[in-house]
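Letter by letter, the chains look like this.
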Amino acid sequence: MRKIADFILCFIVLVLLVWQLPWLINFLRTPDSNNTFALYSSLADDFICNQFVGEDKKLHRYGTDGREYSTAETDSLLPCFFMRQLVADGRFPDSIHGRAVTPHEVLQTNISIRLNPRDINGNNIALYPLIESMPKRVDLEWPDDMFRITDTGIEFIKMETNEVKTQKSRLFTEALQEKGFSFPALWVSGNPSVRKAYDEGYLILDAQHRLFHLKRCAGRPFVHEFPIPEGVILTHVFAIEPAARQFRGLAVDTENRLYVLTSDYRIALTGVESFQPVTDRLMILGNMFDWTVSVLDDYAIHHYALDATDYHLIRRLDRTLSDSSLPGLHFTSGDDRFCYPRF
Amino acid sequence: MESVISCQHLTHYYGKRKIYEDLSFEVPQGRILGLLGKNGTGKTTTINILSGYLKPRSGVCRIFGQDIQTMDPSLRRRIGLLIEGHVQYQFMNIEQIEKFYARFYPNQWRRDAYYELMSKLKVAPKQMISRMSCGQRSQVALGLILAQNPDLLVLDDFSIGLDPGYRRLFVDYLREFVKAENKTVFLTSHIIQDMERLVDDCIIMDYGRILTQQPLQQILQTLHRYSATVPEGYEPQLSDAELYHPAAIRKHFEVYSFLPPDEVKQRLMKAGVPMQGELNSESLNLEDAFIGLTGKY
Amino acid sequence: MYYKEWIKTRWYLLLMFLSTSGFAGYCLLRLHRVIALKGIGHVWEIMLTHDVVFVDYLKYVPLVAGLLLAVVQFAPEMYHKCLKLTLHLPVSHLTVITQMLGFGVAIVLVCDILNFIILWSYMHQVLAYELWSRCLLTALPWYLAGLAAYLLAAWTILEPDWRRRVFNLLVSLLVIKIYFISDAPASYNGFLPYLSVFTLALLPLNWISIARFKEGKE
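Protein chains in written order, with the working numbering: chain A, 3 to 345; chain B, 24 to 320; chain C, 3 to 220.
I should point out that these hints are in silico values taken from the structure, not numbers from a laboratory. Since the structure is predicted, the reported quantities are computational estimates derived from the model, not experimental observations. Do not take every clue at face value.
Label-pair restraints from in silico Cβ distances [what the hints assert, rightly or not]:
#1 C:Gln101 - B:Lys39: 31 to 41 Å
#2 C:Leu39 - A:Tyr200: 21 to 31 Å
#3 B:Ser81 - C:Gln101: 31 to 41 Å
#4 C:Ile115 - B:Arg126: 23 to 33 Å
#5 A:Phe9 - B:Gln244: 33 to 43 Å
#6 A:Asp337 - B:Thr93: 51 to 61 Å
#7 C:Trp122 - A:Ser324: 44 to 54 Å
#8 C:Ser23 - A:Arg86: 52 to 62 Å
#9 B:Ser156 - C:Val112: 30 to 40 Å
#10 A:Phe9 - B:Tyr36: 26 to 36 Å
#11 A:Phe9 - C:His44: 48 to 58 Å
#12 B:Asp90 - A:Asp337: 36 to 46 Å
In this text, a Cβ means the ideal position worked out from N, Cα and C, and glycines have one as well.
Take these sequences, add in the hints, and give me the full structure.
Spelled out as structure tokens, the structure:
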């Protein structure tokens with residue numbers, strides 16, 4: 003018994019050391035970050051990088067050719083991004099690339115999307131409110147029920163009584179089945195909030211990796227299937243509701259290819275080489291002409307400039323990251339909301 | 024006679040400090056053995072080793088023939104232990120503690136012996152031990168040992184914290200019980216008068232070793248204090264191991280020895296002690312004998 | 003043996019059962035107030051969108067309860083080395099310590115189960131399975147921490163050498179930290195079975211303290 007106890011104590015002490023020592027060393031060392039922020043400027047046809055460099059950690063802006071830009075130059079080269087500054091300065095142009103633009107139009111079409119692995123790697127609650135997409139009044143309203151998708155159908159639970167609404171559940175289950183939906187769902191994505199301009203319900207991957215759009219219109223189910231190209235197996239879908247309704251969301255397949263789900267129910271392949279939603283961070287800053295897609299993985303940050311109409315690749319910039327932190331035992335990670343030991 | 028306790032070649036250190044080396048002794052069945060020694064000579068160490076709460080650096084202690092460190096738990100039924108300060112579970116009262124212990128000693132528990140002693144205490148049956156005086160606690164501890172009716176009793180400094188009345192009560196009760204039932208006792212105390220009333224045999228310890236192990240009566244009969252007059256300023260320089268602690272204060276010289284007067288006189292003269300007049304010899308009580316053997320300092 | 007543990011701890015047990023149940027009840031009362039003020043829909047909404055679990059007040063309650071149980075149970079044993087009396091009983095030392103700790107572990111578990119029953123009995127009425135299970139799973143590592151705190155505190159209290167006690171305390175603190183690393187609700191789910199086994203594996207540590215006590219380490 004003494005030997006077992008001693009062994010357990012040694013094991014515990016070892017675990018604690020492997021956990022706490024590297025943490026302490028990493029904590030005491032100041033991390034050097036070469037995490038650049040880059041935006042594609044179609045006017046310069048180049049990425050404009052922002053980085054804090056030098057002893058004074060001053061913000062520098064420069065092109066991929068190394069050319070430095072002043073603040074005013076950067077504003078002009080990224081007119082959509084710095085629209086408010088340009089308007090305030092009275093420098094906002096009448097047209098960009100020969101197209102007449104107004105600040106309101108820019109504001110409407112600018113998009114900003116951030117996907118963090120933390121958001122999907124977690125024990126998220128598989129209950130979803132289905133907001134009425136065509137409310138009688140202007141504002142969206144929180145429903146009196148929430149749905150879950152079971153092995154056999156969709157169930158609406160009335161919150162007041164904590165009981166299943168059988169009639170509504172049957173109605174929606176039948177609507178989904180009619181369109182060929184096979185239960186259970188692999189993936190459900192929506193934006194359960196009433197503080198948004200409009201509601202487009204949920205994007206749902208069914209058991210066969212088929213992609214469906216479900217929303218509630220005047221209390222009735224609306225179901226539409228996205229035709230998926232041959233050979234593409236979608237694994238993750240992200241419902242997005244941009245102000246100008248240019249698209250419905252993003253999707254990723256088994257090959258880590260990124261797709262845009264268009265408003266006319268097409269699946270458009272983008273020029274992004276690889277995005278793994280489970281491990282990578284994604285940021286999209288876009289305007290009516292182009293998108294800058296930044297994918298941050300463990301080793302590098304990849305910036306892709308995409309055309310805003312057909313999402314083809316215009317330019318690409320890769321920066322490797324220097325990770326000098328000491329390996330050790332961790333229980334948590336910035337990439338998820340789980341707690342378990344890992345190296 | 025069969026030995027109940029047998030300790031062989033005990034050596035123990037606390038860190039680098041040597042307590043004793045190669046200590047051996049035996050306690051025969053039916054005897055009351057008192058361990059005497061000045062503070063720091065290893066009395067408590069020995070008791071701790073004997074009760075199994077100290078592992079000596081080397082050597083082995085056997086009780087009823089079994090190594091203490093690996094003793095069969097059921098053998099502890101036959102050993103009564105009184106720990107320093109008569110400590111018993113503070114959170115129990117007289118009835119609870121009896122009820123608790125009784126379950127561990129089926130067929131041997133003598134409930135009446137316990138309650139007989141408790142009836143003499145002026146405490147309510149529900150009074151917590153933590154709220155008793157040290158004297159009352161000692162009676163509870165003694166009562167529990169008497170009820171347990173063990174063959175061997177190990178008592179660590181039973182006189183600590185007791186006023187003379189309770190000490191006397193404790194000693195008398197214990198002696199009567201032990202002698203009537205032919206029990207064996209190993210005890211320590213720093214109050215030597217108590218020992219004199221109680222023990223059959225004595226082990227007197229000095230730093231690192233046993234000075235002597237003898238029956239009490241033998242010590243009292245054979246150890247003498249010898250004194251004589253010497254010239255003032257004489258500093259005794261004796262190296263005889265059988266003459267204990269020779270000392271001179273002004274003109275008064277004294278030395279302790281188990282040897283008969285003639286032998287002592289001869290040895291002293293041989294060593295050149297300038298005795299003036301006769302060598303006086305005195306019999307001693309145990310306390311004087313203890314001081315004579317271990318020295319005043 | 004259980005009789006002795008019972009006498010030592012009975013008053014504390016009453017306090018422990020009442021106070022932990024009280025805290026659980028308080029959490030439910032808060033939930034009930036929110037329902038009364040803003041409606042059940044609001045509760046579901048904030049649980050879904052703001053990670054609210056309504057059991058946060060319980061976070062350190064089992065920890066403190068377990069810790070105090072160990073103190074109440076083992077501090078009297080170390081008072082004037084009373085443990086010597088316990089180990090002198092004619093029972094094997096392994097049995098003695100297993101029974102003492104078994105008593106404590108059983109108490110902690112009964113108390114935990116009672117708490118969970120209290121929480122569940124109200125929550126399952128007003129919340130969907132997904133929601134109440136999330137609340138309980140969020141609280142589960144905290145309750146395991148209570149068990150761990152009990153075992154580690156016992157290990158530290160029974161240790162005879164004060165320097166080693168400081169070491170035990172340090173190890174205990176870091177081990178307890180494992181149960182509180184993540185604030186995200188239900189984040190321990192996959193780790194819980196292993197964490198439970200790990201928690202029970204802390205039990206034999208007490209044998210080290212007992213063995214050291216017998217060797218006379220001070």
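Which numbered hints does this structure break? 5 and 12
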